[in-house]
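Under this note's numbering, read the sequence shown as residues 720 to 888, first letter to last.
Take the hints with a grain of salt, since some may be wrong.
[Stated by the list, open to error] Distance windows between CB atoms, simulated:
id, residue 1, residue 2, range
1, G887, E756, 17 to 23 Å
2, G821, G800, 35 to 41 Å
3, N836, G782, 30 to 36 Å
4, P857, G800, 30 to 36 Å
5, E756, N881, 33 to 39 Å
6, N881, G781, 33 to 39 Å
7, P857, A829, 14 to 20 Å
8, G800, V871, 33 to 39 Å
9, S815, A783, 17 to 23 Å
10, A829, H772, 25 to 31 Å
These aren't lab readings, by the way, just hints derived from the structure by calculation. Using N, Cα and C, we set each Cβ at its ideal position, and we do this for glycine too.
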Amino acid sequence: MRSAKLFLISILAIGLIAGLWVLFSQYSQVQQDEPQEESVTIYLVRSEPTEFHLVPVQRKLGGAASPEAALQELLNGPQSGEELYASVPPSVRLRSLTVQDGLASADFSAELITDFNGGALLESYLVAAIVNTLTEFPHIEQVQILVEGEVVESIGGHILANKPLKRGL
């Protein structure tokens, strides 16, 4: 009788340990499958009483950080409550982005040119915002801006954009 009780207790203990092991194994698998929330740096315009500045802004993403996600955040512009201005016209869409050998080719919709209505300073901020946002990624050294799949001479007539651009133009 005593050996039967000991046997039953041993079986229950082994079952309990096995059950807990399975439960914790599944829990840790679920935790590992959840996507990591990462952030990207984009560049927006801040207005001061007498001048404008291009400033870096952190954006949290729902998943992994990528150049495409960073550009999309740049195109989304400032969030409500931020005292910042878009560096790219809000109507602009990203058509495609390719990265090869350190060169990012960012193809934007025609609105990048047609809806841009700034002077030389705002054009330099627009170009720098695109270039700086993409070169935040270590594998991107230069950026070629395309509009509707074509290299453009300039966006607003002040800054040459017909060749790959580096950070700090």
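Here is how each hint holds up against the structure:
Between G887 and E756 the beta carbons are some 30 Å apart, a value that contradicts the proposed interval 17 to 23 Å. Between G821 and G800 the Cβ separation comes to about 36 Å, which falls inside the hinted range of 35 to 41 Å. For N836 paired with G782, a C-beta distance near 34 Å keeps the hint of 30 to 36 Å intact. In this structure the supplied range 30 to 36 Å holds for P857 paired with G800, their Cβ-Cβ distance being about 31 Å.
At roughly 38 Å, the beta carbons of E756 and N881 sit within the given window of 33 to 39 Å. N881 and G781 have their C-beta atoms about 36 Å apart, which keeps the hinted 33 to 39 Å range intact. At about 31 Å, the CB distance of P857 to A829 disagrees with the hint of 14 to 20 Å. Hint check: G800 to V871, Cβ distance near 34 Å, so the stated range 33 to 39 Å holds.
The supplied range of 17 to 23 Å is met by S815 and A783, whose beta-carbon atoms lie about 19 Å from each other. Separated by about 28 Å at the C-beta atoms, A829 and H772 satisfy the suggested range of 25 to 31 Å.
Hints 1 and 7 from the list above are not met by this structure, while the remaining hints are.
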